[in-house]
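Q: Single-letter residue listing:
There are 2 protein chains.
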Amino acid sequence: MPKKTEAKIKGLVHLNGKIMPLHKAMIPVMDHGFLYGDSVYDTFRTFSGYPLQLSAHIDRLFHSAKKLQLKSPATKKEIMAQIFRTLSAYWKRFKKEDVYIRVILSRGYGNIGFDLNLCTHPTLIVIIKEIPTFPKKQYEKGISVAIVPTLRNNPKSLDPNIKSGNYLNNLLAYLDAKKQNTQDAVMQNYKGEITEATTSNIFIVKKGTLYTPSLESGLLKGLIRTLLIDIAHKNHLKLIEKKITKQELLHADECFLCGSIKCILPVTSCNHKKIGSGKPGPITQKLMRLFPTAVMECIREEYCLDS
Amino acid sequence: MPKKTEAKIKGLVHLNGKIMPLHKAMIPVMDHGFLYGDSVYDTFRTFSGYPLQLSAHIDRLFHSAKKLQLKSPATKKEIMAQIFRTLSAYWKRFKKEDVYIRVILSRGYGNIGFDLNLCTHPTLIVIIKEIPTFPKKQYEKGISVAIVPTLRNNPKSLDPNIKSGNYLNNLLAYLDAKKQNTQDAVMQNYKGEITEATTSNIFIVKKGTLYTPSLESGLLKGLIRTLLIDIAHKNHLKLIEKKITKQELLHADECFLCGSIKCILPVTSCNHKKIGSGKPGPITQKLMRLFPTAVMECIREEYCLDS
Numbered sequence: 001m002p003k004k005t006e007a008k009i010k011g012l013v014h015l016n017g018k019i020m021p022l023h024k025a026m027i028p029v030m031d032h033g034f035l036y037g038d039s040v041y042d043t044f045r046t047f048s049g050y051p052l053q054l055s056a057h058i059d060r061l062f063h064s065a066k067k068l069q070l071k072s073p074a075t076k077k078e079i080m081a082q083i084f085r086t087l088s089a090y091w092k093r094f095k096k097e098d099v100y101i102r103v104i105l106s107r108g109y110g111n112i113g114f115d116l117n118l119c120t121h122p123t124l125i126v127i128i129k130e131i132p133t134f135p136k137k138q139y140e141k142g143i144s145v146a147i148v149p150t151l152r153n154n155p156k157s158l159d160p161n162i163k164s165g166n167y168l169n170n171l172l173a174y175l176d177a178k179k180q181n182t183q184d185a186v187m188q189n190y191k192g193e194i195t196e197a198t199t200s201n202i203f204i205v206k207k208g209t210l211y212t213p214s215l216e217s218g219l220l221k222g223l224i225r226t227l228l229i230d231i232a233h234k235n236h237l238k239l240i241e242k243k244i245t246k247q248e249l250l251h252a253d254e255c256f257l258c259g260s261i262k263c264i265l266p267v268t269s270c271n272h273k274k275i276g277s278g279k280p281g282p283i284t285q286k287l288m289r290l291f292p293t294a295v296m297e298c299i300r301e302e303y304c305l306d307s
Numbered sequence: 001m002p003k004k005t006e007a008k009i010k011g012l013v014h015l016n017g018k019i020m021p022l023h024k025a026m027i028p029v030m031d032h033g034f035l036y037g038d039s040v041y042d043t044f045r046t047f048s049g050y051p052l053q054l055s056a057h058i059d060r061l062f063h064s065a066k067k068l069q070l071k072s073p074a075t076k077k078e079i080m081a082q083i084f085r086t087l088s089a090y091w092k093r094f095k096k097e098d099v100y101i102r103v104i105l106s107r108g109y110g111n112i113g114f115d116l117n118l119c120t121h122p123t124l125i126v127i128i129k130e131i132p133t134f135p136k137k138q139y140e141k142g143i144s145v146a147i148v149p150t151l152r153n154n155p156k157s158l159d160p161n162i163k164s165g166n167y168l169n170n171l172l173a174y175l176d177a178k179k180q181n182t183q184d185a186v187m188q189n190y191k192g193e194i195t196e197a198t199t200s201n202i203f204i205v206k207k208g209t210l211y212t213p214s215l216e217s218g219l220l221k222g223l224i225r226t227l228l229i230d231i232a233h234k235n236h237l238k239l240i241e242k243k244i245t246k247q248e249l250l251h252a253d254e255c256f257l258c259g260s261i262k263c264i265l266p267v268t269s270c271n272h273k274k275i276g277s278g279k280p281g282p283i284t285q286k287l288m289r290l291f292p293t294a295v296m297e298c299i300r301e302e303y304c305l306d307s
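Residue numbers (my numbering), protein chains in the order written: chain A, 1 to 307; chain B, 1 to 307.
Don't take each hint at face value.
Heads up, the list lumps identical chains together, so a pair's fine if it works in one copy or across two of them.
Simulated pairs of lysine-lysine, BS3-like, Cα-Cα distance not exceeding 27 Å [as the list claims (entries may be wrong)]: (1) Lys-95 x Lys-273; (2) Lys-77 x Lys-67; (3) Lys-246 x Lys-191; (4) Lys-10 x Lys-238; (5) Lys-66 x Lys-234; (6) Lys-279 x Lys-141; (7) Lys-10 x Lys-137; (8) Lys-234 x Lys-191; (9) Lys-76 x Lys-238; (10) Lys-71 x Lys-8; (11) Lys-66 x Lys-178; (12) Lys-96 x Lys-76; (13) Lys-67 x Lys-191; (14) Lys-234 x Lys-24; (15) Lys-71 x Lys-178; (16) Lys-179 x Lys-136.
If you are wondering where the hints come from, they were derived from the structure by calculation, not from laboratory data.
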């Protein structure tokens with residue numbers, strides 16, 4: 001439980017077969033998720049009450065888990081059922097339709113050491129809480145980023161496609177960005193290629209063409225990134241996945257970040273230098289307009305709703 | 001608490017001002033130490049009841065914390081006092097003089113996000129438990145290692161000198177070693193230089209000279225590594241810190257690992273190829289003989305004991 005002077009975070013948790021208030025959810029100090037960050041997770045939100053890309057997020061959770069030889073105690077179907085049970089309890093209690101969802105699969109309780117047999121019961125946790133609010137102004141005016149000294153993890157050290165409880169690389173990059181008085185960090189790989197922001201993929205626009213770093217640069221294959229590539233193709237916007245250099249980002253006409261929680265967030269300065277006109281550009285704005293319809297199409301398809 | 005079918009790990013924990021059994025120590029799911037591995041730690045053992053290099057370990061804990069802008073809720077003196085209180089309770093309860101100690105400083109409870117103001121109360125945890133037993137045979141015959149595909153974290157991504165709760169890089173290397181049917185992994189950096197094993201520093205011997213990877217290769221400046229360099233100098237053993245290649249390791253006459261818990265552990269094969277004669281070599285054995293006396297000298301000095 002949080003200390004008495006700490007604000008209680010509102011939300012619900014599904015843990016060890018029970019649904020409980022978020023601030024009461026506890027795990028053992030000897031959970032390897034705490035000792036080593038030995039856990040995987042995935043995070044997404046609901047739109048009109050429906051978790052977007054739910055099936056793909058759970059698939060990715062299992063993909064991350066497999067890379068760590070971490071076995072889920074529940075099947076995909078069971079995890080989905082846990083999410084919907086917790087959602088239902090959340091709606092009854094908080095009367096809010098749209099929520100933030102985080103599913104964590106931790107190695108579980110066990111003695112110090114790497115032997116996988118030390119931990120016999122991986123722990124599955126579903127967290128449901130309010131969606132963090134990004135100020136409206138950020139979407140209208142765009143945010144500032146810095147290309148930071150902290151390099152994105154080398155996929156041969158810790159693959160960015162394992163969404164894990166090892167998140168210090170991203171935190172260090174964020175702290176770099178704050179030191180430079182900017183709002184988020186853009187990380188390069190050790191070869192100097194642009195990879196992603198601390199919790200988002202990145203796109204740029206140059207002379208009417210969209211570009212996003214190719215997966216070979218070492219970045220998370222974000223599900224909103226995939227959705228945006230699809231939206232671009234369907235709307236005849238030219239899009240190229242390729243290695244992107246620092247200079248290409250600095251001299252882009254437009255730039256934006258995307259992720260499951262923030263959706264599409266324009267970037268209007270990099271390293272304290274305006275990007276394009278210094279305002280969200282026309283292609284960024286077009287994608288922001290197309291996005292809600294595409295989201296609802298995804299949801300209609302995933303949940304077999306009538307259109 | 002562990003699930004009913006899980007073995008309870010014996011030990012004591014100092015947490016939130018209380019000493020409690022290790023298996024009952026719990027932290028919130030919303031502790032950033034669990035969500036992001038956003039914690040630092042240091043680990044050491046007692047000899048004849050005295051924590052070896054205690055002051056240096058707490059200094060290193062503070063060094064790791066500073067790199068993450070993580071403020072300790074307790075001073076060095078207070079942390080040491082907590083350790084001795086917990087040690088005293090452990091001795092009363094378990095009647096064992098020599099123990100394993102782990103001090104963890106976690107970011108604490110807070111909502112999802114990187115803003116350091118989200119977590120107002122970092123959590124300090126002292127764990128005291130039995131020393132893990134390394135089979136005597138391993139010290140007599142040596143262990144096998146493999147130079148694995150997983151590369152050590154680049155210091156520009158996450159400095160190995162931050163001892164943190166982000167330990168998946170090491171776990172992945174260990175899993176590589178297991179796949180190759182060896183007992184531990186040796187990790188290279190992205191330039192191919194040898195760095196360290198998963199929880200130890202590494203030394204080799206060639207033609208009577210000791211070599212250990214220089215810190216520039218990107219590795220933890222281990223306190224036993226420092227002690228061994230000191231022992232070598234005092235005993236007129238030639239020792240060089242330098243970049244070490246895979247070929248130099250494979251063609252070494254001797255090799256050993258060292259760490260605060262395992263002390264000096266001979267390595268007698270690498271990549272399924274004998275190192276030297278395939279038995280712990282004479283310089284390794286000499287250091288193993290000198291080690292207990294050096295440890296007791298350190299302790300006499302640190303605790304102002306009469307010799």
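Q: Could you place Lys-279 and Lys-141 in one of the four classes (within, between, both, neither) given a Cα distance threshold of 27 Å?
A: Classified as within; 6 Å inside a copy, 68 Å across copies.
Q: Could you place Lys-95 and Lys-273 in one of the four classes (within, between, both, neither) given a Cα distance threshold of 27 Å?
A: neither (43 Å within a copy, 65 Å between copies)
Q: For Lys-96 vs Lys-76, is the C-alpha pair at or below 27 Å within one copy, between two copies, both, or neither?
A: For Lys-96 and Lys-76, the Cα distance is within 27 Å only inside one copy (25 Å; across copies 46 Å).
Q: Up to 27 Å between alpha-carbons, please classify Lys-77 paired with Lys-67: within, between, both or neither.
A: within (21 Å within a copy, 42 Å between copies)
Q: Within a copy, between copies, both or neither: which one fits Lys-66 and Lys-234 at a CA-CA cutoff of 27 Å?
A: neither (33 Å within a copy, 49 Å between copies)
Q: Please sort Lys-71 with Lys-178 into within, between, both or neither, judging by C-alpha distance up to 27 Å.
A: between (37 Å within a copy, 17 Å between copies)
Q: Quick one: Lys-234 to Lys-24, C-alpha cut-off 27 Å, is that within a copy, between copies, both, or neither?
A: neither (46 Å within a copy, 55 Å between copies)
Q: My question is about Lys-66 and Lys-178: at a cut-off of 27 Å on alpha-carbon distance, are they close within one copy, between copies, both, or neither?
A: So Lys-66 and Lys-178 pass the 27 Å test across copies only (16 Å; inside, 34 Å).
Q: Checking an output row: Lys-179 and Lys-136, CA cutoff 27 Å. Within, between, both or neither?
A: within (24 Å within a copy, 50 Å between copies)
Q: Treating 27 Å as the Cα threshold, decide for Lys-71 and Lys-8: within, between, both or neither.
A: Close across copies (21 Å), not inside one copy (32 Å); limit 27 Å.
Q: For Lys-67 vs Lys-191, is the C-alpha pair at or below 27 Å within one copy, between two copies, both, or neither?
A: both (24 Å within a copy, 24 Å between copies)
Q: Given identical chains, is Lys-234 near Lys-191, meaning Cα to Cα at most 27 Å, within a copy, between copies, both, or neither?
A: The answer is neither: 33 Å in one copy and 43 Å across copies each exceed 27 Å.
Hints 1, 4, 5, 8, 9, 14, counting from the list given before, are not met by this structure.
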